[in-house]
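Listed in order, the protein sequences are those of chains A and B.
The opening position of the first sequence corresponds to residue 1 in the working numbering, with each subsequent residue numbered one higher.
The opening position of the second sequence corresponds to residue 1 in the working numbering, with each subsequent residue numbered one higher.
Treat the hints with care, as some may be off.
To be verified - Once the Cα atoms are required to be at most 20 Å apart in a straight line, the calculated EDC-like pairs of lysine to aspartate or glutamate come out as:
| id | chain 1 | residue 1 | chain 2 | residue 2 |
| --- | --- | --- | --- | --- |
| 1 | B | K297 | A | D546 |
| 2 | A | K133 | A | E145 |
| 3 | B | K129 | A | E545 |
| 4 | A | K346 | B | D328 |
| 5 | A | K82 | A | E124 |
| 6 | A | K273 | B | E295 |
| 7 | B | K27 | A | E486 |
| 8 | B | K58 | B | E113 |
| 9 | B | K129 | A | E547 |
| 10 | A | K343 | B | D362 |
| 11 | A | K104 | A | D84 |
| 12 | A | K875 | A | E962 |
| 13 | B | K27 | A | E545 |
| 14 | A | K468 | B | E96 |
| 15 | A | K513 | A | E465 |
| 16 | A | K227 | B | E295 |
| 17 | B | K297 | B | D362 |
| 18 | A | K481 | B | E25 |
| 19 | B | K102 | A | E465 |
| 20 | A | K672 | A | E547 |
| 21 | A | K279 | B | E295 |
| 22 | A | K8 | A | E40 |
| 23 | B | K102 | A | E547 |
| 24 | B | K27 | A | E619 |
| 25 | B | K105 | A | E465 |
| 26 | B | K102 | A | E296 |
| 27 | B | K297 | A | E336 |
| 28 | A | K648 | A | E619 |
| 29 | A | K9 | A | E145 |
| 30 | A | K532 | B | D328 |
Keep in mind the hints are simulated off the structure, nothing from the lab.
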Amino acid sequence: MPKRTDIKKILVIGSGPIVIGQAAEFDYSGTQACKALREEGYKVVLVNSNPATIMTDPDMADAIYIEPLNPETVAEIIRKEKPDGLLGTMGGQTGLNLAVKLSKMGILEEYNVKVLGTSIASIEEGEDRELFKNLMKRIGEPIPESQTVTTVEQAKEFVKKIGLPAVIRPAYTLGGTGGGIAFTDEELEDITQQGINLSPINQVLIEKAILGINEWGEFELEVMRDKNDNCIIICPMENFDPMGIHTGESIVTAPTQTLNDHDFQVLRTSAIKVIRALKVEGGCNIQFGLNYKTGEYRIIEVNPRVSRSSALASKATGYPIARIAAKIAIGMTLDEIPNDVTKETKACFEPTIDYVVVKIPRWPFDKFSTADKRIGTQMKSTGETMAIGRTFEEALQKAIRSLEVGRFGLGHDPKDKISNNKEEIIQNLKVATHKRLMYIRDAIKIGITPSEIHKLTGINQWFLEKIKNIYELGNTIKFTKESITEAKRNGFSDIQIAGITKKTEEDIRNFRKENSILPTYKMVDTCAAEFKAYTPYLYSTYESEDESNPTDNDKKVIIVGGGPIRIGQGIEFDYACVHSVFALREMGYEALIINNNPETVSTDFDTSDKLYFEPLTYEDVLNIIERENPKGVILQFGGQTPINMAMKLQKAGVNILGTQPEAIDTAENRNKFGAILDKLKIPSAEWGTAFSYEESLKIASRITYPILVRPSYVLGGRAMQIVDNDEELDSYMKEAVNVSPEHPVLIDKYLGNAIELDVDALCDGKEVFVAAIMEHIEEAGVHSGDSACVIPPQNISQEIKDRVIDYTKKLALALNTIGLINMQMAVKDDAVYILEANPRASRTVPYVSKSVGIPLAKMATKLMLGKTLDDLGLKEYKEPKFVSVKEVVFPFLKLKGVDPVLGPEMKSTGEVMGIDENFDKAFYKAQAAAGSELPSNGNIIMAIGRERHKIEAVPIAKELIEMGFKLYCTKGTSEVFKKNGIRSIKVPKLRDDSLLLEMMKNNGIQLVINLHRGSHAKSDSAIIRRTCVEQGIPYITRMSSAKASVKAIKALINNKISVNSLEEYYTKYN
Amino acid sequence: MSNNNPLKNSSMHAVLALKDGTIFEGKGFGALKETAGEVVFNTSLVGYEESLTDPSYKGQILTLTYPLIGNYGVRKDSFESEKVQVEGFVVREFQEFYSHRKAVKSISQFLKEFDIPGISGIDTRMLTKKIREHGVINGALVTSEEKIDAQEVLEKAKKLTDYSSIDLLPKVSVKKPEFIDAKGEKTIALIDTGVKLSIIRNFVKRGVNVYRLPYNTKPQEVKDLKVNGLFLANGPGDPEMAVDAIKLVKELQSEMPITGICLGNQIVGLALGGKTYKLKFGHRGTNQPVKNLRENKVYITSQNHGFAVDANSLDGTGLSVSHVNLNDGSVEGMKHKTLPIQTVQMHPEANPGPWDIENIFDKFVKDLK
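With the hints as constraints, model all of the structure from the sequences given.
Here's what the structure looks like:
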């Protein structure tokens, strides 16, 4: 069936910022969709608030709107662009919810916009618990006993019938937000209340819990259907962690391992029945519980859209689900869409694989030491990694190496801290946390049998026997050709083998090379070699035949990617890597990429000339370099991961393109960097390195408080803190860090009330181009990755800007930068201080690129390959005439026990961008895009801790009153306001009365301004902030943000929202 | 030799040599034995119990492309025939430990029980690519507790006769007629050229009694049974070797409704004047897309065949193509323009594979006289 001709222009909705439960996979799916639609000749209008996405790049759509993803804004875009089609199934839950809302608003009907792919009615039938239940009943498919409720009372009533434990699933929330399993009445009340609050329709489903400990395994099928009713299964997957743990939190294998043909066909047949009943046109994910003991099954959940699992299934099989789903959405059928991998066959078949895939989630608990680390029905992981091998052992150990948690396999590595405490181990088997896999290994080590572990965890014994294999094999490895070959075939890294055989990593490497124990690279081809494949997507294993087929092209470059998404290393780095590939291909180079994140665009098989899906360790990367023999390797774009191996690779003789590793080291080494600053006469905040407690006191008295302290190494727990006096320093040094000569503590003068700046610049070794100066909205002291910022700067003079540019140029040249450099500076009392310089891509690269309209990572790549700034036409610093505000989003909602306050440690997961003609409007948009929509009327809590801040807040309060808000203040704040003639309603402190909380819970409060520096998780402020997070009330914890917000609220009251495409901003305002 | 400890097997040596000189050395499992056959691959992720017992694999050494085989062990049920039919089994890694509620033994025990050797630990993807590029190829497989002289195995492989010239049907057919009573009103005559039991089960399930007849049953013998239709089963080998069945169809074509699956499809094609040819490496898997030309709809099907009917040879036979393979356009089903004859190349009985086209049996049954 050929494509639809009644539509010409299609609006594609993205998924917004990276949050827990919604990561880079929707950039991947959106990008594929845009490409697929334009290929068929449609005009594409794209809206997404996240600038760090490939889909929002100029080449990806005909018009790109970086605007908030709320119904009002998107309606405005529809009025302006008049698309005739809408694709809402590519932007995750966000896109889907938005499509449903737009449809309900009537705007789609009004402008005759047709919903493409799966219909709104089908989406609702799949997403609405009650409708879905009815549908399943109608077609006779089994689901766990459940009931939809809207009050806690109803929940309790139903549980009387089904008994505990019960699962609580809020309707229409992302990644299971607000849900959980209740084992007690108290938990039932708590979770149900929270779920009702968080559900946009205040509805939760109470469901009989079917859990792993009762033999329920969890399975997933990715299904596709077209309008001719052709149905195919892309990939059956089995969760290592059984029912009770969200699939996003589970270790997952593809294909299923323990189902026989009959079991699989039962699930397959059921999946097809469901997708037909739902009339899905596109992709759909179906989760099943199957009881290992009885064989009965239940349908747990259906997602009638592309999802994180479909990204995983795509990368696991090579089948581009999002691309095909987009083609189906425009009316094409599976049998007419070509399979791009094999060329000779069609997209209408079921991929089959000849390897084992293991996915492991990446959790942020290294950054949130106080968070509740139990994993369950709600997602807490920020990202994931995938590994491919020819044995399960190999895939599992490669996946562990890929996690970037300092581990090189399942045990037998230097960080291998064995727990011998049987009680601790058993407890950790029963209660799953991010460490359960390691505890299973420990359990086996102390002699607990796989069958006992199975009883405690519900994990299928097949997987546990594999872990036992790894453990036992590890104990027998010897320094012989035979033994090491066997170890490699089971995924052992050189570092593990070195640990076992008491050699060094280099010894093992040399021995392997002498004995030809080298990896072979095999193809991922959708068809297990049945047909010839044309897409070089490869993984390593130890077999006989190698398929990497390296060219002897002297114009070949390898880019090392960034691995799983985690806090501090987000999608921004994948964005930069993909741009680097684009630049290389533009210049006629063969561009190869190495990465292991299944969600990303960089690991799409048609992004690079060749994709190696591999762990990003020295061993794995060097193996590929030695096989491919490229002209050079680019490490600048993948964030910390590739930088960590730069020195070692260089020592191994690898040609690193662009800025040399020494420069990075110089910039990170305090003494070397200090010397350069001194030589250039560039001021920096005073600092010192303390090797003992006494020394820290001495340094503190020299540079005077407040100071910023942090360990030179980070060992979980509190890492960085602002300290005001000797007492605080005392407790920090004694409680938080264990200072010693090997582990000194770094101390910096904290520049309070300074304006912090970020600068991104390009350097070709001779000239420097300053691309943008960003002014942070939050004062210095908040991690630059967590601070909102604005281009161009709003509060600094031309003279300061000139000095910033001058310092940037001098430093970039002094560090011999070739490519990108990022600097952080602070401006205080007309002086500019350098805080940090990083001669590599920073996380601001996408934001700056979009704001100034220059693709920085592309330009940097070209510089690394010998172009000059002059060649690229990049000369003087130039500010755009419109304003772009970057705001970040935090994972606080998903992480119980974490105080949502900003500080020197980065906590955000993603970012959004708000663009408009002035700061106030742009700031408003950025807030709205970040999900913290500022109110235009209602009640505001103002609770200001410090006296100085209370006075500073007076003008803010005044303006808010003038705009018609009612202020509720605690005693101290209220009194200061009263003295200044401001009316406010005095409320008792939380510890005396829970009135404030009641108001917050009953929609009585629209905004909270809570300025406090205490970070005790039990303080009043912390409870208020936590309540804001849970109730979805916008809250502000910094004076500067409060000021900006007031301006934004004013802009909101006085103006209507207007929308412009990026192109319009570039042309209209420049 | 009679060591029951399965782990002992992993110290077994094994060599697989292909006629073209390629040698794979791995570990043996299953029986200690020398064997030979045509080496073919199947791409299905699951279903080794069903494949191993499928008589269509007679004369062949089967390799599975999925590397981990044996994960769910072997259950007690009867499968597609009463024994393991493949001549030898090739996998990347056989799993001694299995986990499934119905499993009673491991894959190596199963093979040993039926005296079939297996080789494990070899680069099965390399082997698959070899077959894809070269076409199916003869090979010899030897397992032993002693070290094996690979050259000797290779010599054996080189001396093997062509698979197409071997008469495999006597090895897989019943020797005497059997009657399977479904207590139904209608009865078919099923020519057992190596029938998969799931086919018989599908007829019985629909209340059709089955006469399971030897491959060389004469036309008059079928006529005497007064059945409502004739069914040609799947089976191994070159369809041109099935001379008796071809003759049977030729004589009975206007006498009764005729249906068939797989080899049966090819036999009907040949009987009515069409031609068959050998596919380079066959269709063996559970993910083969087949288009029903009348419905213009695609179904994912289970397949296991090395030969196909030549669509161009059907002119004047009265047969027309009803189904085609979406991958290579080959014939997947035929229907006679005037007579009640319809056959398919794929396997609606599945086992292993998707259950999506089981309704083809309904059509077969509806057509019975």
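How the hints compare with the structure:
About 39 Å separates the Cα atoms of B:K297 and A:D546, which puts this hinted pair outside 20 Å; it is violated. Between A:K133 and A:E145 the CA atoms are separated by roughly 9 Å; this keeps the pair inside 20 Å, and the hint holds. Our distance criterion of 20 Å between C-alpha atoms is met by B:K129 and A:E545, whose separation comes to about 10 Å. A hinted pair counts as satisfied when its Cα atoms are at most 20 Å apart, and A:K346 with B:D328 qualifies at roughly 10 Å.
Of the pairs offered as hints, the one joining A:K82 and A:E124 is violated, with about 25 Å between alpha carbons and a cut-off of 20 Å exceeded. Restraint check for A:K273 and B:E295: satisfied, since their Cα atoms lie roughly 19 Å apart, inside the 20 Å limit. A C-alpha spacing of about 13 Å is found between B:K27 and A:E486, which places the hinted pair at or below 20 Å, so the restraint holds. The straight-line distance between the Cα atoms of B:K58 and B:E113 is roughly 17 Å, inside the 20 Å bound, and the hint therefore holds.
With a C-alpha separation of about 11 Å, the suggested pair B:K129 and A:E547 falls inside the 20 Å cut-off, and the hint holds. Pair hint A:K343 plus B:D362 does not hold up; C-alpha atoms about 36 Å apart against a cutoff of 20 Å. Between A:K104 and A:D84, the direct Cα distance comes to roughly 17 Å. Compliance with the 20 Å bound is thereby established for this hinted pair. Annotation: proposed proximity of A:K875 to A:E962 is violated, straight-line Cα distance about 47 Å (limit 20 Å).
For the hint linking B:K27 to A:E545, the alpha-carbon distance of about 18 Å falls within 20 Å, and the restraint holds. Only pairs whose Cα atoms come within 20 Å are accepted, and A:K468 paired with B:E96 is accepted, the gap being roughly 13 Å. Between A:K513 and A:E465 the alpha-carbon distance is near 31 Å, which puts this suggested pair outside the 20 Å criterion. Straight-line distance between C-alpha atoms of A:K227 and B:E295 comes to about 13 Å, which keeps the hinted pair within the 20 Å bound.
Between B:K297 and B:D362 the alpha-carbon distance is near 18 Å, which keeps this suggested pair within the 20 Å criterion. A distance of roughly 17 Å separates the Cα atoms of A:K481 and B:E25; the hinted pair therefore holds under the 20 Å criterion. Proximity of B:K102 to A:E465 is assessed by CA-CA distance (about 18 Å); at most 20 Å being required, the pair is judged to hold. For the proposed pair A:K672 and A:E547, the alpha carbon gap of about 46 Å is over 20 Å, so the pair is violated.
Pair hint A:K279 plus B:E295 holds up; C-alpha atoms about 18 Å apart against a cutoff of 20 Å. Of the supplied pair hints, the one linking A:K8 and A:E40 holds, its CA atoms being roughly 10 Å apart against a limit of 20 Å. Under the criterion of a C-alpha separation no larger than 20 Å, the hint pairing B:K102 with A:E547 is inconsistent with the structure, at around 39 Å. For the hint linking B:K27 to A:E619, the alpha-carbon distance of about 29 Å lies beyond 20 Å, and the restraint is violated.
Simply put, B:K105 and A:E465 have alpha-carbon atoms about 17 Å apart, close enough for the 20 Å limit, and the pair holds. Proximity of B:K102 to A:E296 is assessed by CA-CA distance (about 13 Å); at most 20 Å being required, the pair is judged to hold. For a cut-off of 20 Å, the pair hint linking B:K297 to A:E336 stands: about 11 Å separates their Cα positions. Distance check on the hinted pair: A:K648 and A:E619 sit about 10 Å apart at the alpha-carbon level, within 20 Å; holds.
Proposed proximity of A:K9 and A:E145 is contradicted: the alpha carbons are some 44 Å apart, above 20 Å. For the hint pairing A:K532 with B:D328, the CA-to-CA distance comes to about 13 Å; that is within 20 Å, so the pair holds.
This entry does not satisfy hints 1, 5, 10, 12, 15, 20, 23, 24, 29, going by the numbered hints stated previously.
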